[in-house]
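Here is what each chain is made of, one letter per residue.
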Amino acid sequence: SAVISQKPSRDICQRGTSLTIQCQVDSQVTMMFWYRQQPGQSLTLIATANQGSEATYESGFVIDKFPISRPNLTFSTLTVSNMSPEDSSIYLCSAIRGADQPQHFGDGTRLSIL
Amino acid sequence: EDQVTQSPEALRLQEGESSSLNCSYTVSGLRGLFWYRQDPGKGPEFLFTLYSAGEEKEKERLKATLTKKESFLHITAPKPEDSATYLCAVQAPSSGSARQLTFGSGTQLTVLP
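Heads up: the protein sequence lines correspond to chains A and B, in order. First residue of the first sequence: 1, per my numbering; consecutive thereafter. First residue of the second sequence: 1, per my numbering; consecutive thereafter.
Everything labelled a hint here was simulated from the structure, so no lab data went into it. The model shown is predicted, which means the values in this text are computed figures rather than measured ones. Please note that a few of the clues may not be correct.
Only part of the chain A face toward chain B is listed, based on derived beta-carbon distances under 10 Å [said to hold, decoys possible]:
| hint | residue |
| --- | --- |
| 1 | 13 |
| 2 | 15 |
| 3 | 37 |
| 4 | 92 |
| 5 | 104 |
Here are some chain B residues the structure puts well away from chain A; computed CB gaps all over 10 Å [claimed, not checked]:
| hint | residue |
| --- | --- |
| 6 | 8 |
| 7 | 29 |
| 8 | 80 |
| 9 | 112 |
Glycine included, every Cβ here is placed at the ideal spot set by N, Cα and C.
Can you make the complete structure from the sequences, with help from the hints?
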C-alpha cells in the first residue's frame, strides 16, 4: 500500500491567516483527495486533486477558501485560507495507486484556529 | 444522494465477546463498499473491499459480509487492541468522481480486558 506523509501533523493558527498542508506519497498514484474530519465526526470530501489541472471541489467547498495544487503524481498541497475557528478540524489526504485499488490515507493535520 | 448509516455509534465489549457492526447504505449502483479502522490520532487504515452481495472477506478476527442493503463487520473473540473506530464507505456512480467515497459516521469500539 502507498505510504502517505502529511506536514504539518498539527498546528495552531491565528484567525485570518492561511496554512498550507503538504501531502507526499512514496510512489506515483493515479488520484489524490483531500478530506475534512471535524471532531467526533466522519470524513467529508473537500476535493479531488487533479494532476496538472484545477481541483474538482465538492458542494460547499470553494477554490478561494481551499486552493489545491498537484504539480506531479506524488505530491499535493491544500491551503486553508483566511481561517476562522470553524475551520478547526483534521484535514486528511488520501491516494489511490491504480485501478481497483482502495484509498489509503495519511495521518492527517490537526488544525486549531484561535 | 448516497447515504451510509452505521450502528451502533459506540460499542463496549468484554475481551472474547463476539459481536457485529452494521453499515446500511442507499446508493444507485454500488461499485464497492469499504471498511476502514481508525485509531485516535491516525488516518483511516484500509481493511476490506466488498463488491457484490454475498461476498465475504476475512482478516484475523474480522469478517466482513455484504448484502444488497447492508454490510456487517463481525468481530470474533475481540482483544483490547481491536479497540478503534470502524468506518464504512461506499463508492457509487452518483458519488461523482470514479473513486470518490461517501463515509458513514463510524462505530467506536472499545474492548475491555
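To see whether the hints hold, each was checked on the structure:
1. Given the 10 Å rule on beta carbons, the hint for residue 13 (chain A) is violated: about 19 Å separates it from the nearest Cβ of chain B.
2. The beta carbon of residue 15 (chain A) is not positioned within 10 Å of any beta carbon in chain B (closest approach about 25 Å), and the interface hint is therefore violated.
3. For the restraint placing residue 37 (chain A) at the interface with chain B, the shortest Cβ-Cβ distance is roughly 9 Å, inside the 10 Å limit, so the hint holds.
4. Satisfaction of the interface hint for residue 92 (chain A) is found here, the shortest Cβ-Cβ separation to chain B being roughly 5 Å, below the 10 Å cut-off.
5. The restraint placing residue 104 (chain A) at the interface with chain B holds, with a minimum CB-CB distance near 6 Å, inside the 10 Å limit.
6. Once the 10 Å rule is applied to beta carbons, residue 8 (chain B) is consistent with being away from chain A; the minimum gap is 15 Å.
7. With a least beta-carbon separation of about 16 Å from chain A, residue 29 (chain B) lies farther than 10 Å from that chain, consistent with its non-interface assignment.
8. The beta carbon of residue 80 (chain B) is kept farther than 10 Å from every beta carbon of chain A, the shortest such distance being approximately 22 Å.
9. At roughly 21 Å, the least C-beta separation between residue 112 (chain B) and chain A is larger than 10 Å, which holds for a residue marked as non-interface.
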